[in-house]
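Peer 1: Protein chains in written order, with the numbering used here: chain A, 129 to 243; chain B, 801 to 914.
Worth flagging that the hints you see were computed from the coordinates, not collected in a lab.
Heads up, the beta-carbon is just placed ideally off N, CA and C, and yes, glycines get one too.
The reader is advised that the hints may include incorrect statements.
List time: in silico SDA-like cross-link candidates among lysine to any residue, alpha-carbon distance up to 25 angstroms [to be verified]:
| no. | chain 1 | residue 1 | chain 2 | residue 2 |
| --- | --- | --- | --- | --- |
| 1 | A | 170 | B | 895 |
| 2 | B | 803 | A | 168 |
| 3 | B | 855 | B | 910 |
| 4 | B | 803 | A | 179 |
| 5 | B | 813 | A | 168 |
| 6 | A | 197 | B | 902 |
| 7 | B | 870 | A | 230 |
| 8 | A | 170 | B | 829 |
| 9 | B | 855 | A | 130 |
| 10 | B | 803 | B | 849 |
| 11 | B | 803 | A | 213 |
| 12 | B | 857 | B | 880 |
| 13 | A | 170 | B | 872 |
| 14 | B | 871 | B | 859 |
| 15 | B | 853 | B | 824 |
| 16 | A | 170 | B | 849 |
| 17 | A | 196 | A | 230 |
| 18 | B | 871 | B | 852 |
The following label-pair restraints were derived from C-beta to C-beta distances [what the hints assert, rightly or not]:
| no. | chain 1 | residue 1 | chain 2 | residue 2 | range |
| --- | --- | --- | --- | --- | --- |
| 19 | A | 180 | B | 813 | 43 to 49 angstroms |
| 20 | A | 180 | B | 879 | 39 to 45 angstroms |
| 21 | B | 862 | A | 145 | 42 to 48 angstroms |
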Amino acid sequence: AQSVTQLDSHVSVSEGTPVLLRCNYSSSYSPSLFWYVQHPNKGLQLLLKYTSAATLVKGINGFEAEFKKSETSFHLTKPSAHMSDAAEYFCVVSDSTGGSYIPTFGRGTSLIVHP
Amino acid sequence: DVKVTQSSRYLVKRTGEKVFLECVQDMDHENMFWYRQDPGLGLRLIYFSYDVKMKEKGDIPEGYSVSREKKERFSLILESASTNQTSMYLCASSWGQGSGNTIYFGEGSWLTVV
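I would like the entire structure built from these sequences, with the hints used as guidance.
Peer 2: Structure, rendered in structure tokens:
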């Protein structure tokens, strides 16, 4: 069975400071991992994904994430926050458990960016 | 670009009404999904479909049904709407059976049941 835990429900940063959104996963197989972003009243947009290639994954808008198998983590980072980064972020795990590929979503982390 | 279109963005329905939420994707994706999103609970899978006329229950199927008569269209049906079904509903689609396939989302449908 697969599961994902987002360790913080809210993260608050000042504009220009680094962003760290934490995600731990559990999977019986080699998983694929994703980060999605959701701006208010919008659908989810893919930020980046890991699919067993390079462990450091670069995404859109300056975000990146590192797959660490030993720590079962896939934390999302950005060197310098921008006001437009304020949104809800979801970590997602997907593996081939039971022959299906149904992704499991974390509960989300709300990123607040202060001027 | 992949487009997933949810025809109704905001709906207000009365308790007991039958409600249809429509979703269309334009990329010939095999997989389509309906999620419900509530604050603090993240996204919860209601139903998904791997092919035309095929459906599988997700984590919270009670009170819902679905229809997939054509590959591009996946409808969510609330047979008798109740106030606890007030929520945001997200449709999504993806290609094939790989675990690494990106899921594409619609903009969401806000449903209020009064």
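Peer 1: Hint by hint, say whether it matches the structure.
Peer 2: How the hints compare with the structure:
Between residue 170 of chain A and residue 895 of chain B the alpha-carbon distance is near 22 angstroms, which keeps this suggested pair within the 25 angstroms criterion. Taken as a hint, the residue 803 of chain B and residue 168 of chain A pair is honoured in the structure, with Cα atoms around 19 angstroms apart against an allowance of 25 angstroms. Distance check on the hinted pair: residue 855 of chain B and residue 910 of chain B sit about 23 angstroms apart at the alpha-carbon level, within 25 angstroms; holds. In summary, the hint linking residue 803 of chain B to residue 179 of chain A is supported, as the alpha carbons are separated by about 23 angstroms, within the 25 angstroms threshold.
Straight-line distance between C-alpha atoms of residue 813 of chain B and residue 168 of chain A comes to about 23 angstroms, which keeps the hinted pair within the 25 angstroms bound. With a CA separation close to 21 angstroms, the supplied pair residue 197 of chain A and residue 902 of chain B stays within the 25 angstroms bound. Distance hint between residue 870 of chain B and residue 230 of chain A is fulfilled; the C-alpha atoms sit about 21 angstroms from each other, no more than 25 angstroms. Under the criterion of a C-alpha separation no larger than 25 angstroms, the hint pairing residue 170 of chain A with residue 829 of chain B is consistent with the structure, at around 21 angstroms.
This hinted pair checks out: residue 855 of chain B and residue 130 of chain A have alpha carbons roughly 21 angstroms apart, not beyond 25 angstroms. As the CA atoms of residue 803 of chain B and residue 849 of chain B are separated by approximately 18 angstroms, the hinted pair is consistent with the 25 angstroms bound. Taking the CA atoms of residue 803 of chain B and residue 213 of chain A, the gap is near 23 angstroms; set against the 25 angstroms cutoff, the hint holds. A hinted pair counts as satisfied when its Cα atoms are at most 25 angstroms apart, and residue 857 of chain B with residue 880 of chain B qualifies at roughly 18 angstroms.
About 21 angstroms separates the Cα atoms of residue 170 of chain A and residue 872 of chain B, which keeps this hinted pair within 25 angstroms; it holds. A C-alpha spacing of about 23 angstroms is found between residue 871 of chain B and residue 859 of chain B, which places the hinted pair at or below 25 angstroms, so the restraint holds. Note on residue 853 of chain B and residue 824 of chain B: the hinted pairing holds, with a Cα-Cα distance of about 15 angstroms set against a maximum of 25 angstroms. Of the supplied pair hints, the one linking residue 170 of chain A and residue 849 of chain B holds, its CA atoms being roughly 23 angstroms apart against a limit of 25 angstroms.
Taken as a hint, the residue 196 of chain A and residue 230 of chain A pair is honoured in the structure, with Cα atoms around 22 angstroms apart against an allowance of 25 angstroms. Of the pairs offered as hints, the one joining residue 871 of chain B and residue 852 of chain B holds, with about 5 angstroms between alpha carbons and a cut-off of 25 angstroms not exceeded. In this structure the supplied range 43 to 49 angstroms holds for residue 180 of chain A paired with residue 813 of chain B, their Cβ-Cβ distance being about 44 angstroms. Under the hint 39 to 45 angstroms, the C-beta atoms of residue 180 of chain A and residue 879 of chain B, about 42 angstroms apart, fit the expected range.
As the Cβ distance of residue 862 of chain B to residue 145 of chain A is approximately 44 angstroms, the hint placing it in 42 to 48 angstroms holds.
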